[in-house]
Amino acid sequence: MTVQIWTYIIVALTFALYIGIAIWSRAGSTKEFYVAGGGVSPLANGMATAADWMSAASFISMAGLISFMGYDGSVYLMGWTGGYVLLALLLAPYLRKFGKFTVPDFIGERYYSKTARLVAVFCALLVSFTYVAGQMRGVGVVFSRFLEVDITSGVIIGMIIVLFYAVLGGMKGITYTQVAQYCVLIFAFMVPAIFISFQMTGNPIPQIGMGGKGADGMYLLEKLNGLSTELGFAEYTKGSRSKIDIFAMTAALMVGTAGLPHVIVRFFTVKKVRDARKSAGLALLLIAILYTAAPAVAVFARLNLIHTVSGQSYAQMPAWFSNWETTGLLGFNDKNGDGLIQYSADAMINELTVDRDIMVLANPEIANLPAWVIALVAAGGLAAALSTAAGLLLVISSSVSHDLVKSVFKPDITDKQELVVARLSAVGAVVVAGYFGINPPGFVAAVVALAFGLAAASFFPAIILGIFYKKMNKEGAIAGMIVGIGLMLFYMLKFKFGIFDGGKTAVTSLAKDWWFGISPEGFGFIAMIVNFVVSLTINAFTADPPEEVQEIVETIRIPSGAGEATH
Amino acid sequence: MSKSDHAKKYWKENLRYVTILLSIWFSVSFLAGVVLKDLLDQYSIGGFPLGFWFAQQGSIYVFVVLIFVYVRLMNKLDKKYNYDKD
Numbered sequence: 000m001t002v003q004i005w006t007y008i009i010v011a012l013t014f015a016l017y018i019g020i021a022i023w024s025r026a027g028s029t030k031e032f033y034v035a036g037g038g039v040s041p042l043a044n045g046m047a048t049a050a051d052w053m054s055a056a057s058f059i060s061m062a063g064l065i066s067f068m069g070y071d072g073s074v075y076l077m078g079w080t081g082g083y084v085l086l087a088l089l090l091a092p093y094l095r096k097f098g099k100f101t102v103p104d105f106i107g108e109r110y111y112s113k114t115a116r117l118v119a120v121f122c123a124l125l126v127s128f129t130y131v132a133g134q135m136r137g138v139g140v141v142f143s144r145f146l147e148v149d150i151t152s153g154v155i156i157g158m159i160i161v162l163f164y165a166v167l168g169g170m171k172g173i174t175y176t177q178v179a180q181y182c183v184l185i186f187a188f189m190v191p192a193i194f195i196s197f198q199m200t201g202n203p204i205p206q207i208g209m210g211g212k213g214a215d216g217m218y219l220l221e222k223l224n225g226l227s228t229e230l231g232f233a234e235y236t237k238g239s240r241s242k243i244d245i246f247a248m249t250a251a252l253m254v255g256t257a258g259l260p261h262v263i264v265r266f267f268t269v270k271k272v273r274d275a276r277k278s279a280g281l282a283l284l285l286i287a288i289l290y291t292a293a294p295a296v297a298v299f300a301r302l303n304l305i306h307t308v309s310g311q312s313y314a315q316m317p318a319w320f321s322n323w324e325t326t327g328l329l330g331f332n333d334k335n336g337d338g339l340i341q342y343s344a345d346a347m348i349n350e351l352t353v354d355r356d357i358m359v360l361a362n363p364e365i366a367n368l369p370a371w372v373i374a375l376v377a378a379g380g381l382a383a384a385l386s387t388a389a390g391l392l393l394v395i396s397s398s399v400s401h402d403l404v405k406s407v408f409k410p411d412i413t414d415k416q417e418l419v420v421a422r423l424s425a426v427g428a429v430v431v432a433g434y435f436g437i438n439p440p441g442f443v444a445a446v447v448a449l450a451f452g453l454a455a456a457s458f459f460p461a462i463i464l465g466i467f468y469k470k471m472n473k474e475g476a477i478a479g480m481i482v483g484i485g486l487m488l489f490y491m492l493k494f495k496f497g498i499f500d501g502g503k504t505a506v507t508s509l510a511k512d513w514w515f516g517i518s519p520e521g522f523g524f525i526a527m528i529v530n531f532v533v534s535l536t537i538n539a540f541t542a543d544p545p546e547e548v549q550e551i552v553e554t555i556r557i558p559s560g561a562g563e564a565t566h
Numbered sequence: 000m001s002k003s004d005h006a007k008k009y010w011k012e013n014l015r016y017v018t019i020l021l022s023i024w025f026s027v028s029f030l031a032g033v034v035l036k037d038l039l040d041q042y043s044i045g046g047f048p049l050g051f052w053f054a055q056q057g058s059i060y061v062f063v064v065l066i067f068v069y070v071r072l073m074n075k076l077d078k079k080y081n082y083d084k085d
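Keeping their order, the protein sequence lines are chains F and V. Counted the way numbering that gives the first Met the number 0 counts, the first sequence spans residues 0 to 566. Counted the way numbering that gives the first Met the number 0 counts, the second sequence spans residues 0 to 85.
Treat the hints with caution; some may be incorrect.
To be verified - Just the calculated beta-carbon pair ranges, DEER-fashion:
| id | chain 1 | residue 1 | chain 2 | residue 2 | range |
| --- | --- | --- | --- | --- | --- |
| 1 | F | F186 | V | Y60 | 43 to 51 Å |
| 2 | V | Y60 | F | S343 | 15 to 23 Å |
| 3 | F | D543 | V | Y60 | 41 to 49 Å |
| 4 | F | A214 | V | K11 | 52 to 60 Å |
Claimed, not checked - A few chain F positions that, by computed beta-carbon distances, are all more than 12 Å from chain V:
| id | residue |
| --- | --- |
| 5 | L76 |
| 6 | T80 |
| 7 | E108 |
| 8 | T114 |
| 9 | E221 |
| 10 | I243 |
| 11 | M316 |
| 12 | P545 |
Hints are computed from structural coordinates only; laboratory data are not their basis. These figures come from a predicted structure and were not determined experimentally. For glycine and all other residues, C-beta sits at the position ideal for the given N, C-alpha and C.
Bound-form chain F, shown alone (with noise of 0.2 Å):
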């Protein structure tokens, strides 16, 4: 059977499973649509945690990045685990204990204000909206290479079936699908690196084979700091970014994984406190068996890639070579003519370009694996896309729905109207994120990686000033936030699209402005701090929170009686 056989057989198995799942787990109050009614096993929301924090740029491109990154790709792999330890650790159980359903939920009661509400539900929608954007068009890349649809098409089939079950399942949906797509995601990951990793190693343990010898008895590292400096690149294992760059990176991605909205969400739908915590160590664990093998397909990849294809002859590149040439993602343009491919660091010579995306998808075939592998990898990737994809839906439709319409607008709506307002702003949510997926405005790769600075410099001070200091007052956490998100849009705005600048031609010059050399996207960390000194600053000038609130702080620290998710 060919790939595309393989593939259409093994995508449309698992549609139809996310499909069935969606008819037999129908939400029937806002209860069951928001927290999924609140009775999901630490096991059952681990797994789903896990399939909605790891997204396309999980499963499709970090690989690829940090193969061609080295030593720097580090920032995304303990920046995206390490958060959950911030999350288990210092919100996670505070948030679950207190008992609502969305992030400005929490935000608005324990700043007693609207305004920090509205606040709240502003920052929620825009890390939301430039996220889910990215996974629309990870479905559409996925489609067209693998299914030979064109990418607007590739993205209204994922935009219906997210539809599908989002609309219909809500939070409760959503979560029984996640398990499903994590276990999918998860072996489609797996099977290729232990297949790879045998194949080059001799042994199966992608996360051993990448510090062990290849064939010539040579260790995989050493060989590719070889080939790397040979090729003019860095060496592997060190990298090319500044310390302080690498630190501030990490910390802005640690900080914004346990700030983003649809992640503190998932820990609202577990029974106790102690299942809060539970299921976000069954999350990382579940999350870190993909985070520590991708470092070791990241090698495997390089090394497979400079070898078939670095100095060879172009009429002899394998089919999988032309398949990639036809999208776009690969190219080469033979400047001297003499039919080799000469793949260099030096812009003049070399001859080949490589889009990052590409290389955990190309991989297996890369590697000559079977048919049915190469069928997986498509499916795991839709899986890693449409789980995160429908997570973020449920966040920006519970944005409008309750933190709007209910909490502010109407608040003597019925729970009934409420659900139906819910489920229509999750199918405008899905319009606008089709839209963008189909029409990207060239930022959405850049700003993805951004949406982690905002829900740094936004929720994570105010969350967890929240818990930890109980005078903390709604004055110095509104002003925390607007200054912290303003000063992020603002770093930006002028590094990364370069707009008091000149535009986007402008940016690379303007590396060397950076602010005590931190780029854009490790920045989040900085405006964090600023969130945090000014949060402190106006509270001490500004009024004690009242009596009652305080009182609030004071019971969600203690586990017990943590009863149902409430309004």
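With chain F held as given, fit chain V onto it using these hints.
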């Protein structure tokens, strides 16, 4: 002991655990994987330079262990302070 003293003591012990665990969290990632990376790279485990290993493998393993240690410690603490009933 009054009810609020009881709660305060519980909170203090909790904060002590969190501080200790977060220092380990900081050490394996920001110290071993970034600040002291070049120093540690002089040593190696298998084919990995040690600092590089911490940045791409070791820190993640420790993160997972930290959360499960926290879960255990807190479950015990909840029991000790009688906060384990629902």
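Evaluated hints:
1. Range check, F:F186 to V:Y60: about 22 Å between beta-carbon atoms, so the 43 to 51 Å window is missed.
2. Between V:Y60 and F:S343 the C-beta distance comes to about 36 Å, which lies outside the given range of 15 to 23 Å.
3. At roughly 43 Å, the beta carbons of F:D543 and V:Y60 sit within the given window of 41 to 49 Å.
4. At roughly 58 Å, the beta-carbon separation of F:A214 and V:K11 lies within the given 52 to 60 Å, and the hint holds.
5. Distance check on F:L76: its Cβ comes as close as 5 Å (rounded) to a Cβ of chain V, failing to clear the 12 Å threshold; non-interface status is violated.
6. Distance to chain V contradicts F:T80 as a non-interface residue, since its nearest Cβ pair spans about 5 Å, not more than 12 Å.
7. A cut-off of 12 Å between C-beta atoms confirms that F:E108 is not in contact with chain V; the least separation is 20 Å.
8. In this structure F:T114 is separated from chain V by more than 12 Å, as the shortest Cβ-Cβ distance comes to about 29 Å.
9. Against the 12 Å criterion, F:E221 falls within the reach of chain V, whose nearest CB is about 7 Å from its own CB.
10. Once the 12 Å rule is applied to beta carbons, F:I243 is inconsistent with being away from chain V; the minimum gap is 9 Å.
11. Non-interface status of F:M316 relative to chain V is upheld: no Cβ of that chain comes within 12 Å, the nearest being about 30 Å off.
12. The beta carbon of F:P545 is kept farther than 12 Å from every beta carbon of chain V, the shortest such distance being approximately 18 Å.
The structure shown violates the earlier hints numbered 1, 2, 5, 6, 9 and 10.
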